[in-house]
Amino acid sequence: DIQMTQSPSTLSASVGDRVTITCRATQSVNSWLAWFQQKPGKAPKLLIYDASTLERGVPSRFSGSGSGTEFTLTISSLQPDDFATYYCQQYNGASPWTFGQGTKVEIK
Amino acid sequence: QLQLVESGGGVVQPGRSLRLSCAASGFTFNMYGMHWVRQAPGKGLEWVAVISYDGSDKYYADSVKGRFTISRDNSKNTLFLQMNSLRADDTAVYYCAKAQRPFTMIVMGTWGQGTLVTVSS
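If you read the protein sequences in the order shown, they are chains C and Y. For the first sequence, the positions run 659 to 766 when my numbering is used. For the second sequence, the positions run 1213 to 1333 when my numbering is used.
Calculated from the structure, these hints are not laboratory results. Possibly wrong hints are sitting among the right ones.
With a cut-off of at most 25 Å between alpha-carbon atoms, the simulated BS3-like pairs for lysine-lysine come out as follows [unchecked claim]: (1) C:Lys762 - Y:Lys1255; (2) C:Lys762 - Y:Lys1277; (3) Y:Lys1270 - Y:Lys1288; (4) Y:Lys1255 - C:Lys766.
Computed from a predicted structure; not experimentally measured.
Same shape as in the complex, but just chain Y (with noise of 0.2 Å):
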């Protein structure tokens, strides 16, 4: 059964770090791209970022470029998000998605059920 699970949020300082993981099964995880996706409490959808089936291309939102860095490895299915210089409106609900086509990022198909960042001081 297909299941991407988050993990790694909590509560941070402002202009602190926090490295989020999203552990894949199910599938071949080597063959999808893989995104980023966060939910701000009580607000719409926003993408974050995305990265290729083998890692060579990954792109980003204007709101998080040169602050967070999204990798995988493929070795352990698992998807990660480091996330730096965190300021209160990146609080949000952060959410991993399996691209829906092998070899593609375009379609967000399965979704994992998220892990809340909250950036307090």
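Only chain C is shown next, with the shape it has when bound in the complex (with noise of 0.2 Å):
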């Protein structure tokens, strides 16, 4: 199975901050990548999808890139909202789907 490793797993940034979340798989999963935002006591929400299309009625500040087996999640200026724990899960069709370990965004 494709593994995905993220980092940092903790991240401590200020409101205003560029910040830049990392994913790596063990094996090529092409494009087939998204992105999660989670707060607590509530179901994960999508962000993005095939690495870099943002879900609709996400803030622009958040983009994706890369592909085959790096990746990476910009908040582009960190705002209140957005401290919350990120996830990155691949979806290559010939393995099951996997999720990175997650990364928490925490205030500085």
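Take the two lone chains and join them into the complex the hints point to.
Quick look at the structure:
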């Protein structure tokens, strides 16, 4: 199975900061990658799919890039509502769906 | 308004069974693949199972294969997860999620609010 590794596991940042989270796959997933945001006690919310396509209604400060085995999620200017845990997930058809372990974005 | 509402969670003894339901509304249920994803307390997300829009294709995580069965009733807009031989490490919040695009299974778009399953003696 394809394993997904996110870095860092925890990130401390301030409002207005540019934030980047990295996700690496153990083998190529092409562009079959999604990013989710989860707040405590809530269901995950889809932010980005196909590595770089913004889900409808998601603010444009979120962006995704990458292909193959290395991907990034960038928040261009961190807002108070963005403090949450972020997960990457691959959906390469040849392997079961797998998530990264998560990156918690905390207030600095 | 698109809505997914899970039910059926609770406390169950190891080795027993439980069936979860996910009631869908606000979209054409029989056009979308559906997933179950779980999250153990304080842990990350784990994909559990997926079923195609018409129920013809089903896939499972190795951790639940042979014990869990995903199914759907398109006439009732409902997704199910039959969980047998439950173990302590099955304790989690179970979410259902709708595929983002019709006639596919790949991207999990909208999620329900989850239902907690606790396996304990």
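Now the hints, each set against the structure:
Proposed proximity of Lys762 (chain C) and Lys1255 (chain Y) is supported: the alpha carbons are some 12 Å apart, at most 25 Å. Between Lys762 (chain C) and Lys1277 (chain Y) the alpha-carbon distance is near 30 Å, which puts this suggested pair outside the 25 Å criterion. Taking the CA atoms of Lys1270 (chain Y) and Lys1288 (chain Y), the gap is about 19 Å. The hint holds against a cut of 25 Å. This hinted pair checks out: Lys1255 (chain Y) and Lys766 (chain C) have alpha carbons roughly 23 Å apart, not beyond 25 Å.
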